[in-house]
Amino acid sequence: MIRALCRHFREAFQGIFRHFAMSLSSASAVTFALILVSGMMLIIGNISQITMDLQESVNIFVRIDQDVEEDRVAILQMAIEHIEGVNTVTYSDKDEELNKLIEEFGEDGKMFEIYRGENNPLSRAFVVEIKQNYKISDVSAQISKIPGVSEAVFGGTNTEMFIEMLTVIRTGGVVVVLVLAVLAMFLISNTIKITIAARQKEISIMRHVGATNSYIRMPFVLEGIFIGLMGSVIPILITIMGYDYFYYTMGGKLITGLLSLQPTIPFVFYVSGVLAAMGVFVGFVGSIISVNKKLRWKR
Amino acid sequence: MLVLENVGKTYKNGVKALHDINLNIEQSEFVYIIGNTGSGKSTLIKLIDGEEVPTKGNVKVVGINVGKLKHSKVPLYRRNIGVVFQDFRLLEHKTVFENVAFALEVINMKKLDIRRRVREVLELVDLADKANSFPHELSGGQQQRVAIARAIANRPKLLIADEPTGNLDPMTSKTIIDLLEKINQEEKTTILMVTHDVALVDSNRHRTIVLQNGYIVADAQDGGYFRDQSIM
Ligand SMILES: Nc1ncnc2c1ncn2[C@@H]1O[C@H](COP(=O)(O)OP(=O)(O)O)[C@@H](O)[C@H]1O
Ligand SMILES: [Mg+2]
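Those protein sequence lines, which keep their order, are chains V and H.
For any residue, its number in my numbering is found by taking its place in the first sequence, counting from 1, and adding 722.
For any residue, its number in my numbering is found by taking its place in the second sequence, counting from 1, and adding 27.
Simulated from the structure, these hints should not be mistaken for laboratory data.
Be careful, since some hints might not be right.
[Said to hold, decoys possible] If we take Cβ atoms under 7 Å as the criterion, some of the chain V residues that face chain H in the derived model are:
| hint | residue |
| --- | --- |
| 1 | 726 |
| 2 | 928 |
| 3 | 934 |
[Said to hold, decoys possible] In silico lysine-lysine, BS3-like type, Cα no more than 27 Å apart, as pairs:
| hint | chain 1 | residue 1 | chain 2 | residue 2 |
| --- | --- | --- | --- | --- |
| 4 | H | 39 | V | 923 |
| 5 | H | 184 | H | 201 |
| 6 | H | 100 | H | 215 |
| 7 | H | 100 | V | 1016 |
[Unchecked claim] Far from chain H, some chain V residues (derived; all Cβ distances over 10 Å):
| hint | residue |
| --- | --- |
| 8 | 725 |
| 9 | 743 |
| 10 | 793 |
| 11 | 804 |
| 12 | 808 |
| 13 | 829 |
For every residue, glycine included, the Cβ atom is placed at its ideal position computed from N, Cα and C.
Turn these sequences into a full structure, and let the hints guide you.
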């Protein structure tokens, strides 16, 4: 078993070095794909954090008409709760709205205390939190149509666009990575095909003296896996060193300083693990394609 | 040890290569198969080494029904037989020693056992002094002896040779036959040799089976007289 494994490894390495240029170009396709994957994972790993923060800030603020009777408020709340995409609805009366206002203005806010009571000009309001994957603008538009609602506002189209942009980047990135991965598999499978062709005589002798099918296939599969792994080395180095550098130059914070970045460790190790696994996977699939096509033994 | 019962082989393209072959070969027999080009000799050998499946009948070798074997079992079955070809099929970048060792490595034999056995068979084919030579440094006859050494390294019960002297001059052919006879006697290996070489069949007589258009037309225990019948 060990003896056979040693031999398979030796043969696999020989295969790589015999067709070094081919192996290298296949590996570099893997490298490009994985650098992109790495970039995306680093962004997504941080952005899922960021979008969660943003999502929280994109509650809809619903102002209630002044002439809605106090006992109608609960009915209005139910009407909003029934709208598709609404998660929670929190009522906030005039008093609470005033508290918020005072709080927002800090020390100077004290002067608004004179409005407390009958003279409070503020509207009663609902704070509506929406479910994930619903468009704030759609939900907001529906709420504003309900009689008794004077207006429904949310954190502005900017946040919404930002979130939408992230989704586009994410899906676009996945598509690009998939295309590159397929290309890498194709190149690896071609490299393996050439190695197999160069060893046709050995393979035929092995068959005649009774080497098992898995024994004959193993070196070629290993070769593909090694090429995939080779391709993941540079992306892993870039990930670890690049993210570490980025994290320290940013001081662990992003943009406004409100959003904190994932700490380098263990984050980069997770990402590196995934990159290595993807390299192995791409190499494995690439070589299996050729091995199944060229080394299937039929009679 | 080798039994063919009503064996027929029709290739996918419709060519009927063998018809209703019945044959029984005992352990440690030496048998020639002769016949014109296209008479089905190579097909017969492919049925025996499991490369082709008979369309009719049974091929049984050392008690194994070769045609009925599962794909995954064919390699293990093949460890019972050795095959030698007309074109030697040696690996150019390996030495004589490595060429023979290769056949044992790929069936997972221990390194120490491999070394011992390779020395032994190189001794047997009288090439011990060429162990470190490369195939291109050897004569045709020597290369074929390496191929024979490789084929018998795993002590097969049956050695099949498809025109092993086809590329060799008469003198050299004689040494190959002498070697096969020696293996047949010393190792008790059953030998099945396909040949075109009438002179050889005549000089080193053994049971001779004649194939013609896919039929066995003669099977002579003492062999050697087919030339007179002008079948060849
Ligand atoms: N793989 C194959 N596919 C189709 N026909 C074949 C194949 N191999 C051999 N044949 C045909 O079968 C017949 C017997 O061939 P073969 O067994 O090679 O004869 P021999 O070895 O005696 O010259 C020939 O007519 C040949 O063309
Ligand atoms: Mg032939």
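(request) Would you check whether residue 928 (chain V) satisfies its interface hint, that is, whether its CB is within less than 7 Å of any CB in chain H? (result) holds (5 Å)
(message) So residue 829 (chain V) supposedly isn't at the interface. Is its beta-carbon more than 10 Å from every beta-carbon in chain H?
(response) Holds, because the least Cβ-Cβ distance between residue 829 (chain V) and chain H comes to about 84 Å, which exceeds 10 Å.
(request) Taking the shortest Cβ-to-Cβ distance between residue 793 (chain V) and chain H, state whether it exceeds 10 Å. (result) Holds: least Cβ distance 80 Å, greater than 10 Å.
(request) Given the hint that residue 184 (chain H) pairs with residue 201 (chain H), test it: the Cα-Cα distance must not exceed 27 Å. (result) holds (23 Å)
(request) Quickly compare the C-alpha distance for residue 100 (chain H) and residue 1016 (chain V) to 27 Å and report which way the hint goes. (result) holds (20 Å)
(message) What's the verdict on residue 39 (chain H) and residue 923 (chain V), does the C-alpha distance respect the 27 Å limit or exceed it?
(response) holds (25 Å)
(request) Verify the proposed pairing of residue 100 (chain H) with residue 215 (chain H), using a straight-line Cα cut of 27 Å. (result) The hint holds at about 25 Å.
(message) Using the nearest Cβ pair, does residue 726 (chain V) come within less than 7 Å of chain H?
(response) holds (5 Å)
(request) Please confirm whether residue 804 (chain V) is truly not at the interface, meaning its C-beta sits more than 10 Å away from all C-beta atoms of chain H. (result) Label holds. Min Cβ-Cβ 63 Å, cutoff 10 Å.
(request) Examine each Cβ of chain H, and state whether all of them lie more than 10 Å from the Cβ of residue 808 (chain V). (result) holds (60 Å)
(request) Please confirm whether residue 743 (chain V) is truly not at the interface, meaning its C-beta sits more than 10 Å away from all C-beta atoms of chain H. (result) holds (20 Å)
(message) Does residue 725 (chain V) clear chain H by more than 10 Å, comparing its Cβ with all Cβ atoms of that chain?
(response) violated (6 Å)
The structure fails to meet hint 8 from the earlier list, while all remaining hints are met.
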